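Colleague: Sequence:
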Amino acid sequence: MKVAVLGGGISGLSAAYFAQQKGAEVTLFEKEERLGGWMNSATDPFFFERGPRTFKTSRSLELLDLILDLGLKDELIVSDENAKVRFLYLEGKLQRFPKPLFSWAIIKGLLREWRVAPFPGDESIGEFATRRFNRAVADRIFDPLALGVFAGDIYKLSIESCFPFFKQLEREYGSVIKGMIKQKKKKKRLPIQGELFSLKGGTKALVDALASRIARHQRADVISLKEGMVETTQGSEQFDQVICALPPKQLPRLLPITMEEIEMRSVDILQLGFKRDLLPVKGFGYLVPTCEGKQVMGCIFDSSIFPQQNRSKEETRLTVMVRPNQNTMEAILKELKEQIGVTAKPDFCALHHLHEAIPQYNVGHRERIATLKEQLPPWCLLAGNYLTGASVNACVVSGKKAANSLQLPVSTP
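Each residue of the sequence shown is one higher than the one before, starting from 0 at the first, in numbering that gives the first Met the number 0.
Fair warning: there could be bad hints in the mix.
Label pairs and their computed distance ranges (CB to CB) [unchecked claim]:
#1 E337 / A104: 20 to 28 Å
#2 P377 / T327: 21 to 29 Å
#3 V77 / R310: 17 to 25 Å
#4 S311 / E259: 46 to 54 Å
In silico DSS-like cross-links for lysine-lysine, where the CA-CA straight-line distance does not exceed 27 Å [stated by the list, open to error]:
#5 K333 / K274
#6 K83 / K336
#7 K55 / K225
#8 K312 / K72
#9 K199 / K281
#10 K155 / K203
#11 K30 / K225
Hints were generated in silico from the structure; no laboratory data involved. On a predicted model such as this, the values are computed, not experimentally measured, just so you know. Even glycine gets a Cβ: it sits at the ideal position worked out from N, Cα and C.
Turn these sequences into a full structure, and let the hints steer you where they fit.
Modeller: What follows is the structure, given as structure tokens:
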């Protein structure tokens, strides 16, 4: 069976890999010269990831299986103990978590949560947090949590689609706090030690390993798609089935569907490298709640999380996440000085604009995706970060699920 996979990001690469594993004859189409989408590692003069950089071990088991299947076991690295330390920049100062929970406004919200009745339907993260706790918990705890993952607005993002874990705790235990206490007692045995993991060569090592396994890859832009006929800038070819792993805004022009637009959020990242240790504290980094009114949404202490990727013992590597608003290097560095006291001139700096990189799972997202899938022709399947999860692990699962759904002919002995 001939299968076309459209899009060479991690979802498309995973779909192509797993489809080949099932015996399909796969062609991967990607318009860019480089595969991997937002997964992009730079190594000189400092090591940086321009996209995803850390994978939570307990929530990335399918990704870990893929890494092991690709023979990358020796590439695996686990996070330093310091990575367990998290901070919030709140009320004009850096506060180590869970200290921000000890303000009276937060405590009041935590105390009332046990008595709040569950709500069965979907709602925004902000509505959920305000209903179960209070507005202070929503704006100071849930807001930065959502910024760190989706860079989005908690009063638009769906709790059911973004953080189903919290909704599940409410359903099962009647209380998020009670559920978290119960869940903490159910520790899972994990295949590797370490809260987070990555690869020595970064995410590029995973992309390269997957790309090397794809038998046929064509650099081309898809022009049209009809009844399995894929027309590209390089010509046309008929396929039995197509897995579309393109951004959602491409779907209406290629497929006979009508769909509500899925909002995609852009973000700027400033990457800074210093040849000496400048961090006032060690940890994963910090997040800045929207209520603080800053352009900086958070800062990741890359050199503290994975010191294995440092070029020297004393270096500092920072990735600063910024709201896209015609940012200048000077303005971002000024906020960074206020927040963590870094005043030294960086030995390396690069400002990147990640255009429409993060899907926004706004309230009603699951219903929108279900409606979209109902309209798909039988020869077409979907994969991507806009479906059921934005993490790399979710993208791998998405690609694998699409490959497993292919209607491959049954071979006879």
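Colleague: State for each hint whether it applies.
Modeller: We went through each hint and held it up to the structure:
1. E337 / A104: 20 to 28 Å: With a Cβ separation near 23 Å, E337 and A104 satisfy 20 to 28 Å, so the hint holds.
2. P377 / T327: 21 to 29 Å: 51 Å, violated
3. V77 / R310: 17 to 25 Å: 19 Å, holds
4. S311 / E259: 46 to 54 Å: Holds: the Cβ-Cβ distance is about 50 Å, inside 46 to 54 Å.
5. K333 / K274: 20 Å, holds
6. K83 / K336: 24 Å, holds
7. K55 / K225: Answer violated: K55 to K225 is near 40 Å, above 27 Å.
8. K312 / K72: Judged against 27 Å, a Cα distance of about 25 Å means the pair holds.
9. K199 / K281: 21 Å, holds
10. K155 / K203: 33 Å, violated
11. K30 / K225: With Cα atoms ~19 Å apart, K30 and K225 stay inside 27 Å; holds.
Of the numbered hints stated above, those contradicted by the structure are hints 2, 7, 10, listed in ascending order.
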